[in-house]
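S.K.: As a plain string of letters, each chain reads:
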Amino acid sequence: MIDQPVLPRILLLACCVLVPLLLLPIFAGRYLLTVLILMFQFAFVGQAWNLMMGYAGQLSLGHALYVGLGAYVPAVLWLQFGISPLLGLFAGMAVAMLMAAVIGGLGFRFGIEGVYFALLTIAFAEVTRVAFDHIALTGGAGGLFLPVPAEENAAWWRLDGGPVFFYYITLGLAAAGTGIVAAIRHNRLGYIWRAMRDDPQAAQALGINLFRARMLVILLSAAMASMAGVVNAFYYRNLFPSQSFDMARSLELILAPIVGGLGTIMGPLVGAALLTPAGEALSAFVQAAGLDAPGVKAVAYGALLMVIIYFKPDGIWPWVARRLGLS
Amino acid sequence: MTASPLLEVAGLSKQFRGLLAVDDIGFTVAEGEIFAVIGPNGAGKTTLFNLIAGVHAPSSGSVHLAGARLDRLRPDQIAALGVGRTFQIVRPFASMTVLDNLITGSLMRNRSVREARRRAEAVLERLNFTNQAARRAGELTLPDRKRLEVARALATEPRLLLLDEVMAGLRPTEVDGMVATLRAINREQGTTIVLIEHVMRAVVALAGRVLVLHHGARIALGTPGEVMADPEVVRSYLGTEALA
Numbered sequence: 146m147i148d149q150p151v152l153p154r155i156l157l158l159a160c161c162v163l164v165p166l167l168l169l170p171i172f173a174g175r176y177l178l179t180v181l182i183l184m185f186q187f188a189f190v191g192q193a194w195n196l197m198m199g200y201a202g203q204l205s206l207g208h209a210l211y212v213g214l215g216a217y218v219p220a221v222l223w224l225q226f227g228i229s230p231l232l233g234l235f236a237g238m239a240v241a242m243l244m245a246a247v248i249g250g251l252g253f254r255f256g257i258e259g260v261y262f263a264l265l266t267i268a269f270a271e272v273t274r275v276a277f278d279h280i281a282l283t284g285g286a287g288g289l290f291l292p293v294p295a296e297e298n299a300a301w302w303r304l305d306g307g308p309v310f311f312y313y314i315t316l317g318l319a320a321a322g323t324g325i326v327a328a329i330r331h332n333r334l335g336y337i338w339r340a341m342r343d344d345p346q347a348a349q350a351l352g353i354n355l356f357r358a359r360m361l362v363i364l365l366s367a368a369m370a371s372m373a374g375v376v377n378a379f380y381y382r383n384l385f386p387s388q389s390f391d392m393a394r395s396l397e398l399i400l401a402p403i404v405g406g407l408g409t410i411m412g413p414l415v416g417a418a419l420l421t422p423a424g425e426a427l428s429a430f431v432q433a434a435g436l437d438a439p440g441v442k443a444v445a446y447g448a449l450l451m452v453i454i455y456f457k458p459d460g461i462w463p464w465v466a467r468r469l470g471l472s
Numbered sequence: 608m609t610a611s612p613l614l615e616v617a618g619l620s621k622q623f624r625g626l627l628a629v630d631d632i633g634f635t636v637a638e639g640e641i642f643a644v645i646g647p648n649g650a651g652k653t654t655l656f657n658l659i660a661g662v663h664a665p666s667s668g669s670v671h672l673a674g675a676r677l678d679r680l681r682p683d684q685i686a687a688l689g690v691g692r693t694f695q696i697v698r699p700f701a702s703m704t705v706l707d708n709l710i711t712g713s714l715m716r717n718r719s720v721r722e723a724r725r726r727a728e729a730v731l732e733r734l735n736f737t738n739q740a741a742r743r744a745g746e747l748t749l750p751d752r753k754r755l756e757v758a759r760a761l762a763t764e765p766r767l768l769l770l771d772e773v774m775a776g777l778r779p780t781e782v783d784g785m786v787a788t789l790r791a792i793n794r795e796q797g798t799t800i801v802l803i804e805h806v807m808r809a810v811v812a813l814a815g816r817v818l819v820l821h822h823g824a825r826i827a828l829g830t831p832g833e834v835m836a837d838p839e840v841v842r843s844y845l846g847t848e849a850l851a
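Protein sequences appear in the order of chains B and A. Our numbering puts the first residue of the first sequence at 146, with every later residue one more than the last. Our numbering puts the first residue of the second sequence at 608, with every later residue one more than the last.
It cannot be assumed that every hint is accurate.
Quick list of the computed label-pair ranges, beta carbon to beta carbon [said to hold, decoys possible]: (1) B:Val247 - A:Arg624: 31 to 37 Å; (2) B:Val260 - A:Arg742: 43 to 49 Å; (3) A:Ser702 - B:Ser387: 46 to 52 Å; (4) A:Arg679 - B:Leu469: 36 to 42 Å; (5) B:Trp302 - A:Arg679: 49 to 55 Å.
Which residues of chain A face chain B? A few of them, derived with a C-beta cut under 10 Å, are [claimed, not checked]: (6) Ser620; (7) Arg624; (8) Glu640; (9) Gly661; (10) Val662; (11) Asp683; (12) Ala687; (13) Val690; (14) Arg692; (15) Arg698; (16) Ile710; (17) Met715; (18) Arg716; (19) Ala760.
Derived from the structure by calculation, the hints contain no laboratory data. Note that the structure is predicted; figures quoted are calculated from it, not measured. Every residue, glycine too, gets a C-beta built ideally from N, C-alpha and C.
Generate the whole structure from the sequences, applying the supplied hints.
M.R.: As structure tokens, this is what we get:
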């Protein structure tokens, strides 16, 4: 439960951040909006991953799998069968949850934990990547391309829209994801997951069914992650197995919660707000300087991660929160 | 004593790769009793607890709680049937506050967090632990961590409480405090207590009956007075440790 004197400050902070964000598209250009869309996506997927790692203590290094399925399934349904992405979204979610059920069922049933569970998640993402390279329906290795609609026939139910449209969608996702995590934290599941993360055996001695608690978190996390995939498909309008299911993608999306603060509500937001603009600025700078350094972003992220882990191993947000008197 | 016992252990054995850690142990504990298990290190006391609590499956034998068979159940199912336990090597939820540790335990019997919180606060109150409620469990001193183990197990409202060396590392005055608390819980709530203990002072003060284990086998069972006068017990346990 939140202490009384802290609550007004949190609300004040939320208003100071949310209101400008809602008004921002009036002033912002296309480039800035695109960067922010990316940032909200990472914040949202970060929340999904943080539920698993930060709250329930289950390390997944294959979350790109769920995002990728959440992108491919609605894209294929739309392209091949003309099914609205608003319905396809749920189909993608169902497929992602099915994969999560298989991974969780195997891993948690047979007591595969920690690093070994992480290897299992990588394996499933990799196998899926290779499989999608060879599935003709999804375009194989050559990729899947969604035609860009003419602006005059754009329809919201087909998720046709420009940066402003997707800015609000991703902002909504990030806010909703944060709301879900905040609600769970103070709920029954929040206690069960955090206890399980701190000490599974002690949690079990308190009547907690570890298998069920772990299945719940992987299913919820996969369902959330799959929703971010829809944005990938219908905003960028091209999908490649080598990108969608790549391990680098899985690693990229866990950075924000780690840097921001594992197991905190604000961590993934703070991490994404820091990392995405910094990464994009770095890319832009390198490009402007005429340098050819394709890996520079990854190197910068790696260096930043080392600095954070060395100086603020709990992440940035817990430290900032103490400074602001929020905890 | 009631006619049918609350806890009934029969012919219980556990073999770890050739080592017989628990060797054909049988005993019963009546509802409302305080029952102690003593014995030298490595006698199989904690293994016995882990067999009752479902952490290990027995190689043979059975455990019943109020007629319901416990062996073959998972630890969480056994907890739900009313067995609360502490761990000899403490296992706090280190990043959570003391109160949140207890709320987690209390949630087993209460669906709503609000009600679980109310019960958890009552348990803290009763163990004189309220002043530490907001502390992170990882920051507690060892005696307080032992106290947290007891408090968290109590928060599950157990019928049977298994306490694994909760007095170890406590100062004599703290031992007296813990003894008084356990006795009060036993008397007022009717909680049956089985405790593993090296602190003989606490055993004598609390337990109606004592089971003595050595090399996994039962060498004596009786009142504290009877057991301490038993020549076999003196030779294998008290003589070498308690009198040293």
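S.K.: Against chain B, run the beta carbon of Arg716 of chain A and see if the smallest gap drops under 10 Å.
M.R.: Since the shortest Cβ distance to chain B is 8 Å, the answer is holds.
S.K.: How does the Cβ-Cβ distance of Ser702 of chain A and Ser387 of chain B compare with 46 to 52 Å: does it lie in that range?
M.R.: With Cβ atoms ~38 Å apart, the hint is violated.
S.K.: How about Asp683 of chain A: closest beta carbon in chain B under 10 Å, or not?
M.R.: Because about 5 Å separates Asp683 of chain A from the closest Cβ in chain B, which is inside the 10 Å limit, the hint holds.
S.K.: At the C-beta level, are Val247 of chain B and Arg624 of chain A separated by a distance inside 31 to 37 Å?
M.R.: For Val247 of chain B and Arg624 of chain A the Cβ distance comes to about 34 Å; the hint holds.
S.K.: Tell me if Glu640 of chain A is really an interface residue toward chain B, meaning its C-beta lies closer than 10 Å to one of theirs.
M.R.: 22 Å, violated
S.K.: Is the interface hint for Val690 of chain A satisfied, with its Cβ closer than 10 Å to some Cβ of chain B?
M.R.: Holds. Min distance 9 Å.
S.K.: At a threshold of 10 Å, is the proposed contact between Ala687 of chain A and chain B supported by beta-carbon distances?
M.R.: 5 Å, holds
S.K.: Range hint 36 to 42 Å: satisfied by the CB atoms of Arg679 of chain A and Leu469 of chain B?
M.R.: For Leu469 of chain B against Arg679 of chain A, whose Cβ atoms are near 52 Å apart, the range 36 to 42 Å is violated.
S.K.: Is the interface hint for Ile710 of chain A satisfied, with its Cβ closer than 10 Å to some Cβ of chain B?
M.R.: 6 Å, holds
S.K.: Should the interface hint for Arg692 of chain A be scored as holding, given a Cβ-Cβ cut-off of 10 Å against chain B?
M.R.: This hint holds: Arg692 of chain A lies near chain B, its Cβ roughly 5 Å from the closest one there, short of 10 Å.
S.K.: Is the interface hint satisfied for Arg698 of chain A? The criterion is a beta-carbon contact with chain B at less than 10 Å.
M.R.: 4 Å, holds
S.K.: Holds or violated: the hint that Arg624 of chain A contacts chain B, with Cβ atoms closer than 10 Å.
M.R.: 19 Å, violated
Hints 2, 3, 4, 6, 7, 8 from the list above are not met by this structure, while the remaining hints are.
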